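> One letter stands for each residue in the lines below.
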Amino acid sequence: MSKTVFELVKIKIIGDISSMISFMRGRSSKGRGFNIGTALIIGVILIAFGFMMVFSFGMAMVLGFQMGSEGCGWLYFPMAFVTSGAFSFIGTVFAAQSYLYDAKDNELLLSMPIKPFDVMMSRMIALYLLNFVYTNLLFIPVGVANGLLFGYNVITFINFIISALMIPMLVTALASIIGYLLGKLAKLIPNKNLMTVILGFATVGLLSLVIVNFGNIIEVLMNEISRVADWTAGHLHILFWYGLATSTEHSLKALFPGIIPILALTAAVSAGVAAFLSRHFTAIVTRKTAMKKKKYVRKPLRRTNIQLALIKKEVGYFLSLPSYVMNAGMSTIMAILLGVGILLRGSVISEWLPTFFPDASTNLLGLAIGSSLALSCTLNDVTAPTVSLEGRTIWILKSTPLDPMKVFFAKALLAPIVCLPGVCFTSAASAIVLDLRVIDVLFIVFIPVLACMFSGFLGVCVNLKLPRFDWTNEITVIKQSLSVIFTLLLSMFFTAIPFTLAIIPSAYLEDFSSLWAYGICIAYFLALVLLELFFLATEGKKIWKELG
Amino acid sequence: MLKIEHLTKRYGDKVAVDDLSLEIKSGEIYGFIGHNGAGKTTTIKCSCGLLEFDQGEIYVDGISIKENPIECKKRLSYLPDNPDLYDFMPGIKYLGFVADIYGMDPKDRDEQIHKLSDMFDITKDLAQPINSYSHGMKQKLALISAFMHKPKLVLLDEPFVGLDPVAAHRMKEEMKEACKDGASVFFSTHVLEVAEKLCDKIAIISGGRLIASGTTAEVRGNASLEDVFLSLEEKNV
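For the record, the sequence lines run as chains S and F.
Start counting at 1 in the first sequence, then tack on 874, and there's your number in this note's numbering.
Start counting at 1 in the second sequence, then tack on 254, and there's your number in this note's numbering.
These are computed hints drawn from the structure, not numbers from a lab.
Keep in mind that this is a model prediction, so the values were computed, not measured.
Where a beta carbon is used, it is the ideal one built from N, C-alpha and C, also for glycine.
Treat the hints with care, as some may be off.
Simulated restraints, written as ranges between beta carbons of each label pair [unchecked claim]:
1) F:H289 <-> S:V1078: 48 to 58 angstroms
2) S:K1066 <-> F:H260: 48 to 58 angstroms
3) S:E981 <-> F:S275: 37 to 47 angstroms
4) S:D1344 <-> F:R264: 15 to 25 angstroms
5) S:I1063 <-> F:G281: 16 to 26 angstroms
6) S:G1190 <-> F:H444: 28 to 38 angstroms
Coverage of chain S stretches by chain F, computed from C-beta distances (three or more under 8 angstroms per stretch; other residues unrestricted) [claimed, not checked]:
7) 925 to 937
8) 1188 to 1202
9) 1257 to 1267
10) 1271 to 1280
Generate the whole structure from the sequences, applying the supplied hints.
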């Protein structure tokens, strides 16, 4: 492989890392506050990685022990191969599209005296490295658990190392070709954004289902491990022999029939994909799809007031970006799930609460549902990137006769607008299924909206303090900016406080009326919103003047 | 219409604009010339309230941009050198949005949008999302949004970049027509021939300082504007 490929890989990796660190920071890289912020995010990422590795290790120990005791220890590595490969594939199939085909510098590089094959290979190697990290977050703990459960000999250890290198290679090849096919498919779909959002939520729903039922899945797997082993041995010979080659008992006997076919399969798939893509790479990355032109029909334009025009602009931007919808729409999904839960199991909840809090003088249902709904709304970080998202278009709002407060309001209102469908659905479900008073229903509607207003304004305040305008792709500010993470953590923290303060006396004090609890929560959020408005009207306006 | 008094703007230690004073009267087309980094864009951005400045004053129609930026902005429109617009909106929605911000009445906005979009030949593309527009089409849309609410002062930064010859010609006509109606146009350009032919007055800026200003004839004298510009630049270096 030429030196250019490695140069390009180096540039890509350094670029990705510096862009990630840059976006984790705020407007400036100077100052202690920003270093603390960066450290905080790195800490969160490390904790998430650590959690995954510990989780994977625990699962491997439990399943491995069961396999060992039922005499099918050979199934241990094949199962790890499939699981870590699938996890890595899910993590990178969409990244393949952006790494390989939608990279902004593709055309620039192809116009230079660099072979298209070199450009493509550099992208695939970068993708391989990403896959390597994803795969081995699960696979390395599995290897450690294997050492503790079954031990290693020289052959099985080498096979483990080969697997750790080979799985990401196979996944890279598959993700690259599936990414290409998905890209082709997306061009055939008329409403691509809507389809992406539906598919995104379907994937999240499926994953949630797996997570919710994880205990059951593991239990079934443990009870049926012998049958799974028999079925694998009977139907998936390549995995069966791979399993034998990675188990100490049969490693020598199964070395060639176990490792060679899997190595050959990986090499053949990788080479095939590389050959296909290198042949068509220039055509793929430079192809432009002809868009069906919408015919303009002259009709009188309606007049809208300034505030509504700004709100419509914010909503339009939000709906135009599937990644934005999926990121912020989780709160609505959570709220709707809560409503579905109430519709299906409402009677259980209403019976369970008095049993759990026998001393409660008052009906806790309103407070419990209202607070759960408000907390689910705090998962909504939709306003946290709104200032940064103005990017290079900020001149439009800043050079027109607009009071900055109107701009801030439009941005902040996006939060309750996004949450409203979920809040309305759950409130309606509660009113129908549970025996609630009118005041309880009003609280269930009013308090999440207030909590949304609080988190909406908080997002604008935080983003004004930590804006980024040097992005090239909106996803970086929507997903990776410090502003989003701070808003999420702060809004969850501040929203949890009043409910804790209101639920404890409601549950344990005999004379504590639920009206008091409602009053505390409402006063608390109103006070916070007023504080945010004060900040925006003073400091916020000053910052806005300096932006851009 | 636009009065700039002793404007000074610094970026850290660098002085971008240094004690610059200018006055643009109603009905004038005023060209602003200078090499890259001379301070043209900074001066224009300060004049439309996009940038804060360190010293001096700027008045739009007699109103201080520092004291009352919103009143000033109601009277002006600004177009940057590379206008990024809301890519997710169709062209017509963007124009509707700008019309809403300026509070244009429905009849007026309808007339103006269609008159200008016909003039710049993009009416048939107005239903398309802006992200499908070419650079030139975006420039045309931004020009329509700048002129449609009939501002008293039009501030344009390199307005001819990306325009085809027909559109450039029509824009010059629109600038002249706006000035006939009492508006003023202040624009920066590198195209000296355009400045020479189009402008009533010209100002030359170098290193943040104004080195020449006056009517085009005064600045040019007997030489061409290009010769004058180059010799002034040389002296200033």
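> State the violated hints by number, sorted upward, taking the hints as numbered earlier in the document.
Numbers 5, 7 - these are the hints that the structure violates, sorted from lowest upward.
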